[in-house]
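Chemist: As a plain string of letters, each chain reads:
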Amino acid sequence: MDHPAVQAATTYNGEYTALLMLIALAAIICGAMVTLSYVLGPKKITPYKQSPYECGVAPLGDAKERFPIKFYLVAIVFILFDIEVVFLWGWFTAFQKYGTPFLVFSFWEFIVYMLTFIVGYAYVIRVGAINWDETITLEPSAERTEPQSARPLERSAAGAGGAH
Amino acid sequence: MEGMFSNLYAFDWSRDNPWLQGARVLLLVVPLLMLVPGLIWWERRLLSWMQDRYGPNRVGPFGLLQTICDGVKLFFKEDITPIAVDKGIYFVAPAIALFPAFALGATMPWGPTDGNLVYRLLTPVADVPIGILYMMAVSSLGVYGIVLGGYASNNKYSLLGGLRSSAQLISYELAMGVSLACIVLATGSLRMSDMVISQQGPLWGISGAPIQNWFFFTPYGFLAGCIFLICMIAETNRAPFDLPEAENELIAGYHTEYSSMKFAVYFMGEYAAMFVFSGIFAAVFLGGWNPLPIRWDAIGMAGIDHIFRLLAPLCFLGKMAGGLSVYIWLRATLPRLRYDQLMNLGWKSLLPLAAMNLIGVASWEYIRAVYGPTSALIPVVAAFVILILVMGIYLALTTRKRTTELTSRTVTMVDPSPKRTVELVEPAEVTS
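Those protein sequence lines, which keep their order, are chains E and S. Once you know that position 7 of the first sequence is 26 in our numbering, the rest is easy, because the numbers rise by one and skip nothing. Once you know that position 71 of the second sequence is 72 in our numbering, the rest is easy, because the numbers rise by one and skip nothing.
Please note that the accuracy of each hint is not assured.
[To be verified] Think about it this way: if two alpha-carbon atoms lie no more than 20 Å apart in a straight line, the pair counts; the simulated EDC-like pairs of lysine to aspartate or glutamate are:
hint	chain 1	residue 1	chain 2	residue 2
1	S	Lys88	E	Glu128
2	E	Lys116	S	Glu366
3	E	Lys63	S	Glu79
4	E	Lys83	S	Glu250
5	S	Lys88	E	Glu84
6	E	Lys83	S	Glu79
7	S	Lys349	E	Glu103
8	S	Lys349	E	Asp101
9	E	Lys68	S	Glu79
10	E	Lys116	E	Glu128
[As the list claims (entries may be wrong)] Cβ-Cβ distance ranges computed for the label pairs, FRET-style:
hint	chain 1	residue 1	chain 2	residue 2	range
11	S	Ile90	E	Tyr142	48 to 56 Å
12	E	Arg85	S	Val60	41 to 49 Å
13	E	Val76	S	Leu335	26 to 34 Å
14	E	Phe124	S	Met35	14 to 22 Å
15	E	Tyr142	S	Ile389	22 to 30 Å
16	E	Arg85	S	Glu250	36 to 44 Å
17	E	Val58	S	Leu396	28 to 36 Å
18	S	Leu318	E	Arg85	46 to 54 Å
19	S	Leu48	E	Val76	27 to 35 Å
20	E	Val58	S	Ile84	16 to 24 Å
21	S	Met51	E	Val76	50 to 58 Å
In short, the hints are calculated from the structure, not lab data. The model shown is predicted, which means the values in this text are computed figures rather than measured ones. Here a beta-carbon is modelled for each residue, glycine too, at the ideal position from N, C-alpha and C.
Build out the structure end to end from the sequences listed, making use of the hints.
Modeler: Here you go:
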């Protein structure tokens with residue numbers, strides 16, 4: 020796929036130097052923007068200005084509190100799946116380059132690998148690791164209750180019946 | 002051309018020349034810096050037209066200088082640092098959020114890299130053989146700016162916004178990676194200039210086809226392109242995925258505590274990332290700088306190809322502008338998603354779709370390599386039939402669920418009405 024002109028013009032050193040130059044320039048611009056606003060603006064500090072803004076109400080306690088475990092779970096599941104795909108990136112580029120026997124063999128190997136991906140995915144979905152419905156919790160006791168969609172419906176129906 | 006110039010000026014006309022490297026970097030960063038105010042103006046104008054009002058039209062011609070004036074004003078506004086914040090992280094976080102937007106475009110070619118035009122020395126900044134991987138890695142750095150900003154602000158709204166945002170960006174990055182993997186598998190190269198070059202070949206690899214093989218025109222590329230489009234909107238925190246800054250529940254999300262230019266830096270990062278992502282979308286799925294999907298050589302009109310090659314940056318900018326207008330159009334059209342809908346879309350629709358697509362591309366390439374190019378049509382037909390069957394079953398299941406929901410809702414909605422009728426009837430009885 021490599022075009023001869025591109026191949027001839029490309030050496031690794033030159034390309035990566037330009038990349039570093041871009042990264043350095045981007046870092047300088049970003050740093051300058053943040054620092055300039057700090058330097059240029061006026062400074063008239065009052066206690067009200069300095070307090071965290073929580074809709075005008077006096078802030079209640081520290082914000083660094085406990086947060087829902089679901090965010091953490093999503094991060095873990097992300098790492099699992101992301102790494103599972105990362106293992107394949109090398110194969111993507113090699114797939115069509117080394118002749119038919121390699122292609123056939125590696126294709127079926129890839130299918131088997133993707134089956135493990137699918138099994139893992141099905142497990143994650145079944146366990147409810149990425150279920151953001153508020154009516155469901157990850158507590159073990161929640162397992163004996165009815166499926167998620169049935170619960171709020173029943174409640175609302177019962178409420179309506181009671182009102183009548 | 003190379004020989005002529007090196008004789009005249011003794012100038013090293015290769016990509017390794019530091020001056021040319023610097024020029025490449027500036028040709029990416031300077032237009033990006035100049036175009037971001039223009040994009041904000043365009044967004045406000047286009048949104049106004051869509052909502053039947055004028056938008057900014059006072060400062061400069063057509064209101065073009067409005068955003069620049071806003072920027073200057075923001076620089077001279079007070080930079081409040083609340084007392085409870087984590088000072089170091091609070092200070093650095095906006096810079097981290099802006100950084101990937103500039104660094105992201107390093108591997109994006111905005112002109113022809115094949116042939117002997119000067120563009121092959123000027124673009125992309127770094128034609129490294131890990132192009133797409135670099136792009137994925139740098140784009141995921143943006144999460145840190147938002148999470149750290151939310152965490153360091155020591156404000157409950159900021160913390161929640163930062164957390165939401167991290168989960169959202171992570172979820173959509175997965176589907177984005179897999180959808181890009183489909184194209185890498187079809188191209189056999191991670192280099193983005195190779196992707197553009199391979200799109201100049203005949204459609205579906207059928208020799209003699211007069212249409213270019215833009216990945217958006219292939220069945221797997223179309224699916225991957227749609228997934229990438231949705232994911233890139235989510236990755237840049239744009240409507241309808243702008244939950245991190247959902248103002249009706251979280252004030253402004255992760256940048257509640259930021260003021261002055263630091264606040265604007267978050268916005269700049271968002272808009273610059275929009276630019277680069279639409280550029281990447283154009284390069285990977287829409288044939289890069291090629292204005293029309295026609296193989297001029299195949300129909301004997303190579304002269305037109307030469308003209309288009311000269312105008313390549315303009316064509317690329319045009320495609321980017323189209324992508325950006327789609328961003329704005331979606332913002333004007335779609336309401337914001339609920340958080341569980343957002344997560345369900347990312348994990349339960351886009352990720353399995355992208356993974357299935359990956360297997361589909363592998364089978365497509367496998368069949369093409371083993372049984373010849375035209376027989377690749379067989380799995381396409383099979384895949385369509387299977388897809389339609391699966392969609393039918395899925396829709397049948399979901400619509401049944403929906404009807405039960407609606408009946409229960411009508412029960413609750415009927416409930417208050419008898420009360421109201423009773424209230425209305427009573428005074429009537431009194432007057433009579």
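Chemist: Next, verify each hint and record whether it holds.
Modeler: Hints, verified against the model:
1. S/Lys88 / E/Glu128: Roughly 51 Å between the alpha carbons, so the hint for S/Lys88 and E/Glu128 is violated.
2. E/Lys116 / S/Glu366: holds (12 Å)
3. E/Lys63 / S/Glu79: Judged against 20 Å, a Cα distance of about 8 Å means the pair holds.
4. E/Lys83 / S/Glu250: holds (19 Å)
5. S/Lys88 / E/Glu84: holds (18 Å)
6. E/Lys83 / S/Glu79: violated (26 Å)
7. S/Lys349 / E/Glu103: holds (17 Å)
8. S/Lys349 / E/Asp101: Holds, at about 16 Å.
9. E/Lys68 / S/Glu79: Holds. E/Lys68 to S/Glu79 sits at ~11 Å (cutoff 20 Å).
10. E/Lys116 / E/Glu128: It holds: about 16 Å lies between the C-alpha atoms, which stays within 20 Å.
11. S/Ile90 / E/Tyr142: 48 to 56 Å: Between S/Ile90 and E/Tyr142, where Cβ atoms are some 36 Å apart, the hint is violated.
12. E/Arg85 / S/Val60: 41 to 49 Å: holds (48 Å)
13. E/Val76 / S/Leu335: 26 to 34 Å: holds (33 Å)
14. E/Phe124 / S/Met35: 14 to 22 Å: violated (52 Å)
15. E/Tyr142 / S/Ile389: 22 to 30 Å: Between E/Tyr142 and S/Ile389, where Cβ atoms are some 28 Å apart, the hint holds.
16. E/Arg85 / S/Glu250: 36 to 44 Å: violated (20 Å)
17. E/Val58 / S/Leu396: 28 to 36 Å: violated (59 Å)
18. S/Leu318 / E/Arg85: 46 to 54 Å: holds (48 Å)
19. S/Leu48 / E/Val76: 27 to 35 Å: Holds, at about 33 Å.
20. E/Val58 / S/Ile84: 16 to 24 Å: Distance hint for E/Val58, S/Ile84 holds at roughly 20 Å.
21. S/Met51 / E/Val76: 50 to 58 Å: violated (37 Å)
Going through the hint list in order, the structure does not satisfy hints 1, 6, 11, 14, 16, 17 and 21.
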